Amino acid sequence: MRKVRLISLVSSISVLGLLGFAACGKKSKMIQNKGSDTMINLAQALAEEYRKVSPKVAIAVSGGGTGVGIASLQNNTVDVANASREMKAEEKANAKKTSGKDPVEHKIAYDALAIYVHKGNPLAKVTRAQLACIYGKEGTCTKWSDLGVEVPGCSGQEIVRAGRQNNSGTYAYFREWVLGEGKDFKLGSRDMSGSKDVVDLIAHTPCAIGYSGMGYKINDVRWVCLSKEDADTCVEPSLAAALSGEYKLSRPLYMITSGAPEGDIVSYINWVRSDAGQAVVERTGYAPLPPDQRHK
Amino acid sequence: MGVFATSATARRRHRTQKLAFVVLLGVTVLLILPVLAILGMLVYRGAPALSLEFLFSEPVRGMTAGGIWPAIVGTMWLVGVSLAISAPIGVLAAVYLNEYAGDTWYTRVIHLAIVNLAGVPSIVHALFGVGAFVLFFEFGTSILSASLTLAIMTLPVIIASTKESLSAVPMSFREACWNVGATRWQTIRHVVLPNSIAGILTGVILQVSRAAGETAPIIFTGAAVFVPFLPSSVNDQTMALSMHLFTLSTQVQNVPQEITYGTALVLVGLVVLINGVSIVIRSRIRRRRKW
Amino acid sequence: MSREEVEGAGANPGAELGTGLGPRLGRSPARQRLHRAKELLIETVIRVCGVSAVIFVFGIFYFVFREAAPLLFGGLDLGELLTSGEWYPDSDNPRYGAFALIAGTLAVTLLAMLIAVPLGLGAAIFVSEFSRGRTREILKIVIELLAAIPSVVWGFIGLVIMNPLIIDLFDTPVGLNVLNGAILLALMSVPIIVSIGEDALKAVPDTYREAAEAMGATRWQVTWRVLLPAARNGLLAAVLLGVGRAVGETMAVLMATGHSVNVPDSPLDSVRTITATIASELGETAQGSDHYRVLFVLGSLLFLITFLVNLTADLVIRGFKRR
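Residue numbers (our numbering), protein chains in the order written: chain A, 178 to 473; chain B, 3 to 293; chain C, -2 to 320.
Next up, chain A with everything else stripped away, as it sits in the complex (with noise of 0.2 Å):
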């Protein structure tokens, strides 16, 4: 009897304890950060990696999506949102109207985006006419032999086409890349919820086409060679070529903070974009700020 009495006394005080839990504010210093799916092994990295530089500053980090990140900017649930693509006209000014400071964009990392293919593919190069031929809605390229390969281990040799589901950052990106604006692609491809989803597809499918960030690569996938607008040449994918310019399939990718952050963010985004910062984005297979853009 006295057992029970007790237990519901212990409930009953940890039910308020924690409703006065929740009436605290936020701790001061957990950082936290979240936003693009794609950048979520970067900012996880950068946030493993910075506790050694500064020990005493926790960072949170979850994914969601850029949409998200953004969201929860407006609503002040967030300190740095990561996004995978510049911010939309509306959304800054939703920003600004909520937290009346103006959002500020932090370029950290570029991500370079390479077409993946089962290891036994011999497909060359690939030319953005033939990627919108296959993913775009009018394409009709749905055979390997329409790009004139025959694919080994493939049955019926029809193409699997493999992305990113419709509102991740990557999947507007290549859409936009492939097929311009205004355009859509071809539903009934298979639209994996993250970047390393996409290329384990492609590693158990010899059938399968897809793109995806590079940090992604595996032992059973290759890259393809990406073809310039001539046609005749093409562009190995490669982190350098990105960085150069020469490769186009690459974009950067944000941090965002509401206003000029303070205190511990500044700190923590001046490292990310400080060398030491772009050791750990170059690891983690993201193409790094060109020497000139870091923060010294």
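FYI, nobody ran anything at the bench for these hints, they're computed from the structure.
Just so you know, not all the hints are guaranteed correct.
Stated by the list, open to error - With a straight-line cut-off of 20 Å between C-alpha atoms, the simulated SDA-like cross-links for lysine to any residue are:
hint, chain 1, residue 1, chain 2, residue 2
1, A, Lys229, B, Thr66
2, A, Lys360, C, Gly82
3, C, Lys35, B, Pro90
What the hints assert, rightly or not - Stretches of chain A that chain C covers, calculated by requiring three or more beta carbons in the stretch to come under 8 Å of a beta carbon on chain C:
hint, stretch
4, 335 to 342
5, 378 to 389
6, 414 to 426
Quantities reported herein were computed from a predicted structural model and do not represent experimental measurements.
Ideal placement from N, C-alpha and C gives every residue a C-beta, glycine not left out.
Using the hints provided, position chains B and C relative to the given structure of chain A.
Relative to the frame of chain A, chains B and C by itself:
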């Protein structure tokens, strides 16, 4: 001579009987085999990763090495906080249904609500958590939001189990108590609840195991992919085992197979262990019940 | 004493007796008043908790619907949502046609039930009628464990075990498809079907069994001709609850069905269910945008579907308990 007992068909009857037995046995085995196969596979591939270091260290090198300690601690937080919310509410709700309410349309509505609460898809609970706790009550993405979502989701488990054990307490116990002048609540507190504590415990344990395994409701309400610090209050975000397994298997490249399998093994092991405890408790009560 | 009689005893049975107060009750009028106030407070709390489930169900509907409403009453074409296959929520010219998602959900659920219903009912019959003692206990425990495996683990299994297996067995390019998801869902919904189905069989009075056996029926004949017709409603409810579970399952289908917005022609096609769509797209949408709201519309739709399924199942169960 009955409908069934025509001697001409007797042999065929027995053949059908045997066939039916074999088919039904086969079906049942077909259900059990996958469980054993899956558990076996998880143990076989995950066990090499298990070590104290794996359990008690942080993930490092972009989660491709190290352990899962923050995820374990995070799961404990989520489970603990959700339990603290759903246990009192669930037990009292069961007390109401069993001790106070009669069989009216009103209780039928409550009963229906409980059944439906149990049947609402987990992703709808997630949408609810986002709409209600994260945005409306402004708890943000935090342990509190995630735990509240989990608590509501798992409430039916506690109500059902508690109600069952309350109704097993013989009416004569209550009557004896009322006859010495105790009020209804006194009777419940001093007689009914102590006599059904084991059943309540079973419900609580099942709630724990359910909450520990859920993923969809916490992704958008409070679980983070990576948090280098252990949570220190309910306003923090946290890692969680189930979320970690999802992240490892769909988001992070080049994770050694043992780490993913190891995480899955720890999650399943935890859930199965908790369930095992509840099964033992339940069978003990059944055996020991004196009335 | 039945429940109705207890009701008749009133909220404070002790008060009616007046004398013989328990040792813990106060004697002075002041303390008694205090006690009564305390009792009242506790009873209020209990009553509030009692209706909590109702509050929560309404709360869920309210908060999900609240996010969906601005779009639902502000330009969303429901007809297009339900019949068009054009799911381009993030296009420059956004279109919200969820037909492919609905078709995906139906396909996976249907195939899952084709697998789960015979297995589940078969196992329910075996556990309830053809096994006893220790075997029965062990079977029930194993099936309970089946129910305990978290859905993300099922998804993981679909990803790493079923996927290569299906590719090898069916010589298909991708093993993440309707079949994969359906097998997982079948295994996940079987425990519900077994436990509710077993309850239904148990609810058939033993006299039925004895009467049939006395006429020389084999156990199978008893089951087939007597028990199954008698437990019909309960078994139907078991199947319905299994369907409810399958429609609403998220993580496993998210990971195992291949993320392809596509009306499937065969079990080997990849699809994306309603639940998986919400789970994979919610994170990336800007709060308050149309895309964000359309996901809440889909959530409301799911809520309504499972609500109806559960309601029907409950009514059916009530039906067989009454008899």
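Exercise for the section: Taking the numbered hints from earlier one at a time, note which ones the structure violates and give those numbers from smallest to largest. Expected result: 6
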